[in-house]
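Student: Using the sequences and the hints, build the whole thing.
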Amino acid sequence: MVLCKLLGMGIFMSEYKVDTEKLHRLGDYIDGLERSEGELINILREAQEIFGYLPQDVQLFIARKLGIPAAKVFGVATFYSFFTMEPRGKNVISVCMGTACFVKGSDLVLDELRSRLKIVNGNTSEDGMYTVDTVRCIGACGLAPVVLVNDKVHGRVQVDDVDALIKGISDGIASKPELVSK
Amino acid sequence: MSSSNAVNYRMDLLVCGGTGCQATDSFDLVEKLKSQIQVAGLQDEVRVVLTGCFGFCEQGPIVKVMPDNIFYVRVMPDKAELLVKEHVEKGRIVHELLYEEPDSKEKLDEQSDIPFYKKQNRIALRNCGFIDPENINEYIAAEGYMALGKALTSMTKPDVIEEIKKSGLRGRGGGGFPTGLKWEYTRKSQAKEKYIICNADEGDPGAFMDRSILEGDPHSVLEAMAIAGYAIDAQKGYIYIRAEYPLAIHRLKVAVQQAYELGLLGKNILGTSFSFDVYLKYGAGAFVCGEETALINSIEGGRGEPTVKPPFPAEIGLWKKPTCINNVETLANICPIILDGGEWFASIGTKKSPGTKVFALAGKVNNVGLVEVPMGTKLRDIIFELGGGIKDNKKFKAVQTGGPSGGCIPEEFLDTPIDYDSLGEIGSMMGSGGMIVMDEDNCMVNIAKFYLEFTVDESCGRCTACRVGNKRLLEMLTHITEGEAEMETLERLKDLSQIIKDSSLCGLGQTAPNPILSTMKYFWHEYIAHVQDKNCPAGVCKALLKYHIIPDKCKGCTLCAKACPKGIITGKVKEAHIIDKEACIKCGECERVCKFGAVTRK
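As given, the protein sequences belong to chains A and B, one line each in that order. Residues in the first sequence are numbered consecutively from 5, following the working numbering. Residues in the second sequence are numbered consecutively from -5, following the working numbering.
Source of the hints: derived by calculation from the structure; they are not laboratory data. Be aware that one or more of the hints could be misleading.
[Unchecked claim] Just a sample of chain A residues kept apart from chain B, beta carbon distances all over 12 Å, derived:
no.	residue
1	Asn46
2	Phe55
3	Glu90
4	Val124
5	Arg160
[Claimed, not checked] Derived, one-sided and incomplete: chain B residues facing chain A with beta-carbon distance under 10 Å:
no.	residue
6	Gly169
7	Gly197
8	Ser206
9	Arg236
10	Gly279
11	Leu355
12	Tyr445
13	Phe448
14	Val450
15	Gly582
[Unchecked claim] Just so you have them, the derived chain B footprint on chain A, three or more residues with Cβ under 8 Å:
no.	segment
16	20 to 26
17	30 to 44
18	82 to 88
19	99 to 105
20	147 to 155
Don't be surprised by glycine CBs; every beta carbon is placed ideally from N, CA and C.
Tutor: Take a look at the structure:
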């Protein structure tokens, strides 16, 4: 086995501690590319789409599949803020930290969200329900401060709206009309 | 082509489908309008068109009724029925949905009467809000692909470059390098393969003009890329776009596919020998990738770290081939220049900075949105006329231009006519055109700290000056905002800023200290207040806040005492309350609940 790995002779799905079916899907995606040169970022995007994040074993799998050092994969994965190596919560709340949002108090909204959802270490609540992170300007500065809840944009969110926002998510309502229509 | 379609409809309802209006439910509005029109049985007469951004994001969702030329603002989905019943069916203007001039309270029904649009001259944004970006025929009806046709059939390659040089167009992404020269350099580099890259990695927080152009008029960028490809002998073009812009990516994909279908991209365009292919490449969130060499490394699939210039991309670029990189807004100006001539373009704006510039007006200003004005327009006109002044009648403090690379401009320079050079002279820069307005409630030290947090986070780590230096700057700023700094800290802050400017490898590091230097220059008193008086004049820096109840204003309603999580506000009902300053955790809850403005934090 070790020798195979060293020689890059074969890739055994079972040696990776991740979902084999998902790994197959990623393998198929890579095989379907016309050429792999210059495609590392796209492959990592696809991997994150499939797994939700980039576990170490997935990075190893990609490196071996492409025949490049794992350090290069890790280097690219850590360079870009889009990639994450931590599993994400069921609901992802991203607070825009662009300047327009910041001058209108998005940092206060972020603090409020983290404290209401009891997120202390890292970005995800202990029960795995919520991930709260920041996003660079999404270009909706006219609605600052902006909060993305599972990719839906909520505009003009103030600290006082945070309760309603969280309640909206826990009730399974994608959008709170009173939040966006203000 | 589409004009024959359009004739069949007696009325168009143009609904803004930009990211801003989308967030205020414009897609839902479109559905409701359509179903109301269906109910009225007018679906063959009246059409609902989802357009690109109108720029007036503050007043979204926007609906423009054509040919009546009536401009409705803040049209929430529940107003769809009213709009259709009144305007579409009976031809009566719905006054409650018109824009109201804040001073005179007059209702304005035409777009061009609204102060926000009055001084604008829309060249790059010419089609945004007028055409359906997902329908190539509408672009063609608006003179689309005529410039490409003209270039391919009646202009030589040097002619095209000469025209762009004559226009004096300078790169709109930040640097301001003359576009014609860039094309010429790339043309002169000998190689079998060359590339055009459209830089759509709009990383400057608070700037969204590139997003709006791509969402509202994607073909204008594709057409310009093909023209550039023809001029410099490139057969392939890449669009490097941020993953944070899903709608722009979608519209671009649709546009590329439609252009291929009509033979406006691909092999033998318009029956000529010129072939040109366009590919999309996604960024993955790295500000430094706006830098040309870093962007190239990222397209090649690696870490987006910059490399030393020279060699410039015009000589050795993508896959080691000559490459010309232009930003979205720059490209959006190309087709009008080819059609109307370089001289026409050069007659707009100032001598050294011809043409118009799109600014993303945001922050504490009444009319947040995109404005396109001739170069040389005064900051005051943009902020107070187009922008409608400061929100909530607060006092203007500064305007920040140029994003994390730029500086903060105080009131005394508001009458500066803005162009690349004048902004540089007052310690800021054009950048990509973000313009963030700040009022008396913003702490300038905290703003400098915000930008430094950004650059420290985004520094790629390649050169020491930027990687380590900016971290030290941030530490010093943190000490200042926490009241732990001495006067000597300010000296060190200034010295190190200069060192980083002088010794960093790329533009990110070279400009990172600008927000500090400009705020120190114009708002020195705020730094002094933080360091010497341990006081934040704007009441922002938490560690320096001192919550206090003004006895004369306090009615003794007890709300604050009930809200205080530490229970350290004491006082009897109907008597002035007192905060125990030693035990206060500065959460601000008391200030938030007070109905009489009796709690201060300065």
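Student: Evaluate each hint against the coordinates.
Tutor: Okay, the hints, checked on the actual structure:
1. Asn46: The assertion about A/Asn46 is violated, with a minimum of 7 Å to chain B.
2. Phe55: Holds, since 16 Å exceeds 12 Å.
3. Glu90: Given a closest Cβ separation of 15 Å, the condition holds.
4. Val124: The assertion about A/Val124 holds, with a minimum of 17 Å to chain B.
5. Arg160: Given a closest Cβ separation of 9 Å, the condition is violated.
6. Gly169: 20 Å, violated
7. Gly197: 7 Å, holds
8. Ser206: 8 Å, holds
9. Arg236: 9 Å, holds
10. Gly279: This interface hint holds because 4 Å falls under the 10 Å limit.
11. Leu355: 8 Å, holds
12. Tyr445: Nearest chain A Cβ about 8 Å off; hint holds.
13. Phe448: With a minimum Cβ separation of about 8 Å from chain A (threshold 10 Å), the hint on B/Phe448 holds.
14. Val450: 13 Å, violated
15. Gly582: 8 Å, holds
16. 20 to 26: violated (count 0)
17. 30 to 44: holds (count 4)
18. 82 to 88: n = 5 at 8 Å, threshold three: holds.
19. 99 to 105: holds (count 4)
20. 147 to 155: holds (count 4)
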